[in-house]
Structure formats: structure tokens, C-alpha cells
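Engineer: The hints should help you fit chain R onto chain G, whose structure is shown.
Line order of the protein sequences matches chains G and R. So that you can map any letter, position 279 of the first sequence is 335 in our numbering, and since no number is skipped, the others follow by simple counting. So that you can map any letter, position 130 of the second sequence is 132 in our numbering, and since no number is skipped, the others follow by simple counting.
One or more hints might be untrue.
To be verified - Below are the DSS-like pairs computed for lysine-lysine, each with C-alpha atoms no more than 30 Å apart in a straight line:
1. G/K159 / R/K386
2. G/K167 / G/K250
3. G/K114 / G/K236
4. R/K64 / R/K352
5. G/K120 / R/K511
6. R/K64 / R/K339
7. R/K64 / G/K67
8. R/K339 / R/K244
9. G/K149 / R/K386
10. R/K352 / R/K72
11. G/K114 / R/K64
12. G/K321 / G/K222
13. G/K149 / G/K167
14. G/K250 / G/K222
15. G/K159 / G/K222
What the hints assert, rightly or not - Here chain G is said to cover these stretches of chain R; the calculated rule only asks that three of the stretch's residues, wherever they fall, bring their Cβ under 8 Å from a Cβ of chain G:
16. 39 to 52
17. 155 to 165
What the hints assert, rightly or not - Listing some non-contacts, in silico: residues in chain G with all C-beta distances to chain R over 12 Å:
18. E80
19. R158
20. K167
21. D170
22. S179
23. D213
24. K222
25. A279
26. H364
Worth flagging that the hints you see were computed from the coordinates, not collected in a lab. C-beta: ideal position from N, C-alpha, C; glycine also.
Here's the letter readout for the chains.
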Amino acid sequence: MRVVLENVSKKFGSVLAVEEVSFEVEEGELFFLLGPSGCGKTTLLRLIAGFISPDRGKILFGEKLMNEVPPNRRNTGMVFQNYALWPHMTVRKNVEYGLRVRKIPSRERLKAVDEVLSLVRMSGFGDRYPNELSGGQQQRVALARVLVVRPDVLLLDEPLSNLDAKLRIEMRDEIRRIHKESGITFVYVTHDQKEALSMADRIALMNEGRIEQIGTPRDIYSAPKSKFTAMFLGRMNPIPGRVVRVTPGGEIVVGTAVGEIRTDKPVEEVSVGEDVECLIRPEAMRILSEEWALAGERNVLKGTVVDHAYLGEIDEFQVQLVDGSKVRVYVASSESKGVERKKEVAVAFDVGDVLLCKPSSGLAGEER
Amino acid sequence: MAERFKGQKLSQSAILGLFGLGMFFLAFMVYPVLRVVWGAVRPEGRFTLAFFAVVFRNPLLKESILNSFKLSFTTTLVTLVVSLPLAYVLMRVRFAGRRWLSALVLVPLVMPPFVGAIGMRHLLARFGSVNLLLMDLGVIEHPITWLASGFGGVVVLQVLHLYPIMYLNLSSALANVDPSLEDAARNLGAGPWRRFRSVTLPLMMPGVFAGASIVFIWAFTDLGTPLIFGYQKLVPIQIFNKISEGSVDPTGYALVVLVLLLTLATFLVSKRVFSAGRYEMMPRGYISQQGTRAGALGTVAAHFCIGLLLVVALLPHISVVLRSVADRWFMTILPEKLTGEYFSALASHKLTASSIRNSVFYASASSLLDIALGVAIAYFLVRKMIPGRSLLDAMAMLPLALPGLVLAFGYIVAFSRTRLLDPLVNPVPLLVVAYAIRRLPFIVRAAYAGFQQVSPAFEEASFNLGAGWMQTIRRITVPLISANLIAGGLMCFAFAMLEVSASLVLALKQRFFPITKTIYFLFNRIGDGPSIASALGVIGMVLLAASILVSARLMGKRMGALFRM
Numbered sequence: 057m058r059v060v061l062e063n064v065s066k067k068f069g070s071v072l073a074v075e076e077v078s079f080e081v082e083e084g085e086l087f088f089l090l091g092p093s094g095c096g097k098t099t100l101l102r103l104i105a106g107f108i109s110p111d112r113g114k115i116l117f118g119e120k121l122m123n124e125v126p127p128n129r130r131n132t133g134m135v136f137q138n139y140a141l142w143p144h145m146t147v148r149k150n151v152e153y154g155l156r157v158r159k160i161p162s163r164e165r166l167k168a169v170d171e172v173l174s175l176v177r178m179s180g181f182g183d184r185y186p187n188e189l190s191g192g193q194q195q196r197v198a199l200a201r202v203l204v205v206r207p208d209v210l211l212l213d214e215p216l217s218n219l220d221a222k223l224r225i226e227m228r229d230e231i232r233r234i235h236k237e238s239g240i241t242f243v244y245v246t247h248d249q250k251e252a253l254s255m256a257d258r259i260a261l262m263n264e265g266r267i268e269q270i271g272t273p274r275d276i277y278s279a280p281k282s283k284f285t286a287m288f289l290g291r292m293n294p295i296p297g298r299v300v301r302v303t304p305g306g307e308i309v310v311g312t313a314v315g316e317i318r319t320d321k322p323v324e325e326v327s328v329g330e331d332v333e334c335l336i337r338p339e340a341m342r343i344l345s346e347e348w349a350l351a352g353e354r355n356v357l358k359g360t361v362v363d364h365a366y367l368g369e370i371d372e373f374q375v376q377l378v379d380g381s382k383v384r385v386y387v388a389s390s391e392s393k394g395v396e397r398k399k400e401v402a403v404a405f406d407v408g409d410v411l412l413c414k415p416s417s418g419l420a421g422e423e424r
Numbered sequence: 003m004a005e006r007f008k009g010q011k012l013s014q015s016a017i018l019g020l021f022g023l024g025m026f027f028l029a030f031m032v033y034p035v036l037r038v039v040w041g042a043v044r045p046e047g048r049f050t051l052a053f054f055a056v057v058f059r060n061p062l063l064k065e066s067i068l069n070s071f072k073l074s075f076t077t078t079l080v081t082l083v084v085s086l087p088l089a090y091v092l093m094r095v096r097f098a099g100r101r102w103l104s105a106l107v108l109v110p111l112v113m114p115p116f117v118g119a120i121g122m123r124h125l126l127a128r129f130g131s132v133n134l135l136l137m138d139l140g141v142i143e144h145p146i147t148w149l150a151s152g153f154g155g156v157v158v159l160q161v162l163h164l165y166p167i168m169y170l171n172l173s174s175a176l177a178n179v180d181p182s183l184e185d186a187a188r189n190l191g192a193g194p195w196r197r198f199r200s201v202t203l204p205l206m207m208p209g210v211f212a213g214a215s216i217v218f219i220w221a222f223t224d225l226g227t228p229l230i231f232g233y234q235k236l237v238p239i240q241i242f243n244k245i246s247e248g249s250v251d252p253t254g255y256a257l258v259v260l261v262l263l264l265t266l267a268t269f270l271v272s273k274r275v276f277s278a279g280r281y282e283m284m285p286r287g288y289i290s291q292q293g294t295r296a297g298a299l300g301t302v303a304a305h306f307c308i309g310l311l312l313v314v315a316l317l318p319h320i321s322v323v324l325r326s327v328a329d330r331w332f333m334t335i336l337p338e339k340l341t342g343e344y345f346s347a348l349a350s351h352k353l354t355a356s357s358i359r360n361s362v363f364y365a366s367a368s369s370l371l372d373i374a375l376g377v378a379i380a381y382f383l384v385r386k387m388i389p390g391r392s393l394l395d396a397m398a399m400l401p402l403a404l405p406g407l408v409l410a411f412g413y414i415v416a417f418s419r420t421r422l423l424d425p426l427v428n429p430v431p432l433l434v435v436a437y438a439i440r441r442l443p444f445i446v447r448a449a450y451a452g453f454q455q456v457s458p459a460f461e462e463a464s465f466n467l468g469a470g471w472m473q474t475i476r477r478i479t480v481p482l483i484s485a486n487l488i489a490g491g492l493m494c495f496a497f498a499m500l501e502v503s504a505s506l507v508l509a510l511k512q513r514f515f516p517i518t519k520t521i522y523f524l525f526n527r528i529g530d531g532p533s534i535a536s537a538l539g540v541i542g543m544v545l546l547a548a549s550i551l552v553s554a555r556l557m558g559k560r561m562g563a564l565f566r567m
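Only chain G is shown next, with the shape it has when bound in the complex:
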């Protein structure tokens, strides 16, 4: 089922929780609502489920306007953050509930429950009570409970946030598998960018009740359209400066305290003479320790390695630049030989990897 939101707004008292939100979720898509806590993503999910109704705007399932449809008539399936498995019912009773409500005869019910329990790999747990299950198992039952009624849309509210790190990663694959096998439209709310980037077909990144950007994980990560998006996903090294000139080739040259930086990727419109901020991802930076390697590099900053952390797959270096500021650089562990503390190095990066924005715009420019 396609889910369409058109200019949806919702106020709680005087607080605007959701403001003019529009998006379309395609049939069978795994769509993510991603954002920091308090950005309105859970409110959106509850609006779609019908627990609250919008002040303005339209919510459509397919062609049908859902605004006035009560939650029990929407045929959505919601997986709650803490699962909300009824503690006084067994797993089977929990899963069966939606079918009973729909007055499905008991023989079919039995079959459907068995099928769905095997889909979530919980066959044989039917007679347990929720408090006898582990977190991951409860999660699977919560999924089964909504999958069994074949909802038009499956809504997941931070479904993995109560699981430990390892299980969380296992369940990511599990949910993707279930999504594929069921073919149902999923709307998935999370604040965990790794979850969103690794699982989503498309992501809507939210901030303060609005949508910042909608796109595939790759789009959003590599071509952010706002400073907020750029700063929210992954890490960024911000370097302040001022636009000096624009080359005939379209490159913007920024003068900074650590040297000239060239970019062809302005996130916002900037003009010559304007104060700006250059944003460069740590993994887009390279460390060059030999003089000869500098030949041909356009963006080169000199500095000294002041700190080093070994993170397994990568090494993280802190390089102090000539003005005293520091940048963070990720280097694949296989290529970090010879780079060590106190060593004088050069940091280089491609013109296409520098994002340019206004220092005041977007979220306060704290580094993440």
C-alpha cells in the first residue's frame, strides 16, 4: 500500500511537533524516518497509525483519505518500542488476537499463527508467556503479532532500541528478510543512523518537526542538501573561512587560516566575500607523510599528528593544523604504517569531498 502525507502538521499545546510534512512511501518500500529525539518522527508514526489526528494536511493510504479513520479501522501494524506484548496472554494468544478481532475461524487462525511464528523463527514458543522470552524473542513475537493480520502498512517505532548491540545487528538482517518475504510497506522510525543507512530503501531525515531531506542512504550521506543533514550523518571536520573567488571552471576557492580550500560542492548558495564553513568527512581525508606524494594534490593542509586511536578496521588520527585547530582523519589500518604521534604530515582531500555552507545555517554546527 502506498502511504502519502500531504502538508501534515500537528501541534501539542503550543509545541509544533510536526510541521508541513509531505512524503510518499511506495508500495513495498522500506522507508525510514530518521532524526534526533524530539524531531517528531514518532509523532508522524502515530499520526499514520491514527492514535492522533493531524491538525492540518492529509494522510492517504493509496487513494483513500485516512484522516478521520479510527486506528482500529486502518489495518496498519504497529511494532511498539517496548513491544507492548500483553503479559496476560501467551505468545499464541498475542499473535492470534488480531485474527480473533477479524473473526477468522479457529482452524485458519491456527494455521496462520503457525506460519507467522515460523516466519519469525519462533515456532514452538506459542505457549510461553512474554515474560519468559528474551528481548530478541519478544521482538520477533511483536513482529509476528502484526504480520499475521497482513497489514497494509507496518509501522516500527524504534524496534531495536531495547536490544543489546550484537542482537540489534542480527535483527537488522532479520527485519530486512521479513520485509522482503512479506512484501509489505514498512515505515520504520529510528534515531540510529547506522540502522537507517544499512537497512533503508529511502530515508526521510527529520529535524524539529520538518523533513530535511528525503533520499536513498547514499544520496543523503554523500550529497546532503543542508548543513543539518551533513552534520547529522557520520562525522564532519568543519573549517571556517571566506570565499575568495570562483574559478572559470566553477570551483569555489575558500581562504582559511590553514590555507586555501577548493570545492565544487556548495550545499548552499554562497558569493565571493562571504563567511563560510568547509565540511570534510574524516574518511575523505588522506594522510600524506612523504613530500613527493603531495604532487598534484589540490587541497593540502599541513599539520602534526597529535593523537591516534586504533579502532580495528580503521585508525583514527587527530591532526593539529597550523592555526592550532584539529581535524579527525580515518585511515584504513592497512595504510596507516609510519604515521605516528608528533610526526609532521599533510592532510589531503578531493575537491568533490568538500561541502560548503554558511556558518550560521542549519543546526548549531557542533561536530558529531
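Structural biologist: Relative to the frame of chain G, chain R by itself:
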């Protein structure tokens, strides 16, 4: 929590439910009370306050009002004096057996004072067990007249019945007083008495006021106990007599209005003091080791004092039990011979048999009504942002300030000679409703606590799967809060079984008599009447104790919460 419900629209069935609740309160609380007020200030179609003046000029009524105040003040004061050290010792001193005693001291709460009064009269009669015992021991030579006016007897029984309520309020207040505040005073050099007076007691004041106001209202409007003692010159009895004589004049209305004003004022003042004086306690992440450990002597002393209190509190009821099985109990300390005659009389006697049936039916019906009302009200209070939420809350709590006597009087006034609900023709619906309303605050609280423990996500998950409002309540919510509901319902049942004032006023024909009215009726009959009344009282106590026990098991530690303001 409220935030997440703000956007909710009320469904049609919810609006219908709210409307039903509103109509119920209007018909059975607001309208009868207004009719009473109307009867007092506009008896002949003209507004007048003259009848209030008549109340205060009439020497009998004036004396009754004074006596009622004297009685309820004395009872409240004595209750406080008994409960304060009790609460302090049980909360702040650690000694062996403390937990047992904390539970046992609550027992008298469930012992009906109305029944106890029968036993007390027997014990303290001129040649009753107490005088005979004292004479045997040679303490006195001539029998003492204990119950000259009945005042003392009523006070003693009320105190013995009501001190647990005060104790519960005081101990919860005490539990809220952070011991570190007392430690601070000690650190500054204050001795134990000074600490108590200058730190602990002031911080406990909300609890003191809350407990005192319940006790005060209860004592002021108690009808059963003084009736058994024949202590006539009290406001409730004057009202009751007017109703019994069928001669309710505007003065009677005025008297009822005065009682209502007094209880409402007491209730509101206590609420105000309670919330205005509510001291924000600093939250503490740990439970500090409370209190000092008592030595061997202290432990023995505590056990002795509390044990004595319990024995005295239960003595009247023990005497009732003895009376019910005593073949001959005259001029002796203990009965000479035992018999089961009176209990078998209960079954064969038409009136007693039907009154037991009646009581069980009334009490069951009223507790079912209570559960339905309580679930609905608590649901709206906890789960829905409804307009007029505080009004609904006030309505549900109002019965705390609405004495059974006033309510029953209002019903007589409002529904006499109506086609459907005439109490003279068939008082059953009104009795059931009166019992239900009287205990409504208990069940609302029990259900309210239940709803608060149950995450709204459980209900949302059910809506999400397609279930409607009714189905969700029935299949998800009620099972999840069933322990609370059963406990609350049993409490309602138990208290309805021994409700006195509404029963005495509303049940006018013998075949509608509940247990309490039959006890009163039999008690006044010469011959074996009092003995059969005692046997009936024992049956009542057994039913009451059984339901309270089950209820306490289900509620566990939350039991105390039901009796606080």
C-alpha cells in the same frame, strides 16, 4: 503522559459513556442533594433561611448539634492521641514482630462498630462482665455505671473503629518525611522530643489533617453506634427519627443541609491544607535505614501496648461472638452454657434468612455497579483528555464528603411517590445505588492505580490490530487490572454488607431489610432478639472478614492507599 493523548478524538461510544456517567451522577447525587437543599431554603416556594434559625432555636436540636460536635471532636482527638505514637513506633522503631503488629493494628477497621456496640453494651452493663470481673477481683465493691449517657461508649467504639484510618494516614505521612531532615536537626543538637515537635510533626501535618477530617466526618455522621447505645441527642439520630416518624418538616431538611455543609467544608479544608501544605520532599535514590532498634524492654513494651489496644478494640466483637452462642449469660463474667440455637434460628427465622439473602444480593449488585462505574471513570481520568476531567474527578470523590445519611435522606425526598424508584414500594434499586455511590471512591482509586500501572501501549496495540474500544477494555485492560478490580470490588462488597445509615433509612419494609437493619430491629425486641441479632452480626463479620482478607491478598502493599485521602 497526558501529552500523548492530546490529539485523540473521543469516539462515539466514549462520548456515550461519558454522557451516561454524567446522567448517573446527576440523577443519584446532584439531584437528590439539590432537592434537600431546595426543601430547606424554599419550602413554600419562597426563599427563606428561617428554618436554619429554627434549628438553632429548638432546644433539642441545638443540644443535638452541640453534642454531635462534642462527640466528633472528642473522637477525632482521642483517635489522634492513640494513632500518633502508634504510627511513630511502628514506622520509626525497629523491633521483632513489627511487621505482624503493623498488619494487626488494621484489623479493627473491618470490625463494624454498629455490631461492636451490641457487645460493648453487654460488657459494660451494670452487671456486665467488666463490673463482675472487677468485683470478683475486689477492685470495686459496687458496680460502676459505665454507660450513663452513652457518650463515652460511642466515643470509645468510634475511636476503636477509626484509629486505623488515622494510623494509615499518619504512617504514610511519616514515611514521606525524609529521615535526613531529622538527622539534620539532631546534628544541630536537638533532642528526640524537640526533633519530633519541630521537624517531624510539622512535616506530617498534611497526613494529620487528612486523617482527622475523615475521622471527623465519620464520627459526626455515624448513625448506627449511637443508636445502639440509645444516645439520642445527636444530629444523625434526630434526622433518622424525623424520617422514621414520617414527619420530615423543613427543619429536618435544614438539619441535613447543615450536616452536608459541615462535611463538605471539612473535606475541602482538609484538601486545601493537604495540597497547600504539601511539602516537596527531596527525592532520594536510596531507602535509608529507618529508625532506631528497640531493646528487649522496648520490644516487650511495644508488644504489650499494641496488644492491649487490639484486645480492647476487639473485645466488643468477641463479646458479640460469645453472646451469639451463649445459652445463659446473666450475672456471670463468661457465659455459663453454649448453644447453637441462635444460629439455627437465623436459618429458620423468616426475617433473618431473607435479610442475609437481601444483603448478599444488594452488596453484590452494588459492587458490580461500582466496578463498572469505577473502570469507566478511571479510564476517562487516566487515559483520555476529556473536557471537564476535574469535574468527573470531583464527582467520583464527592461521596467521601457525602454521608450515607444525607444521601439516603435525599433519595427519600427525591424519589418518594415517583413511579419508578419509590423507596416505599421497592427500595432495592436505590439501596444498591446508595451502597455503590458510598464506596465509589475506593473502586475508582483501585482502578485508577491499575490503569496507571498498565502502559497505554497495550491498549494501542489492540486498537492497531483492529479491536474497538469495548473489545479492548474487555480483553486487554480489564484482565490486566483485574487484581485491583477484584480487590476494590470486594472492599465495596464488604462495606456494603455492613452499611448502616442508608440501610436504616431506605429499607422500610421487613421483606427488604438488609442484615444491618434486621440487627437493629431484633436488638430492640425483647427476649432472644439481642442474641439472634448477635448471631446475625457474627455472620456479617465473617463475610466481611473473608472478603477483606481476599482483597488484601490481591492488593498486597497497595491496600493502605485505599483508605487515604
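Engineer: Are the hints correct? Go through all of them and say.
Structural biologist: A quick look at each hint next to the structure:
no.: 1; hint: G/K159 / R/K386; in the structure: holds (28 Å)
no.: 2; hint: G/K167 / G/K250; in the structure: violated (37 Å)
no.: 3; hint: G/K114 / G/K236; in the structure: holds (28 Å)
no.: 4; hint: R/K64 / R/K352; in the structure: violated (41 Å)
no.: 5; hint: G/K120 / R/K511; in the structure: violated (64 Å)
no.: 6; hint: R/K64 / R/K339; in the structure: violated (47 Å)
no.: 7; hint: R/K64 / G/K67; in the structure: violated (60 Å)
no.: 8; hint: R/K339 / R/K244; in the structure: violated (42 Å)
no.: 9; hint: G/K149 / R/K386; in the structure: holds (27 Å)
no.: 10; hint: R/K352 / R/K72; in the structure: violated (41 Å)
no.: 11; hint: G/K114 / R/K64; in the structure: violated (70 Å)
no.: 12; hint: G/K321 / G/K222; in the structure: violated (37 Å)
no.: 13; hint: G/K149 / G/K167; in the structure: holds (13 Å)
no.: 14; hint: G/K250 / G/K222; in the structure: holds (13 Å)
no.: 15; hint: G/K159 / G/K222; in the structure: violated (39 Å)
no.: 16; hint: 39 to 52; in the structure: violated (count 0)
no.: 17; hint: 155 to 165; in the structure: violated (count 0)
no.: 18; hint: E80; in the structure: holds (22 Å)
no.: 19; hint: R158; in the structure: violated (6 Å)
no.: 20; hint: K167; in the structure: holds (18 Å)
no.: 21; hint: D170; in the structure: holds (18 Å)
no.: 22; hint: S179; in the structure: holds (21 Å)
no.: 23; hint: D213; in the structure: violated (9 Å)
no.: 24; hint: K222; in the structure: holds (26 Å)
no.: 25; hint: A279; in the structure: holds (35 Å)
no.: 26; hint: H364; in the structure: holds (40 Å)
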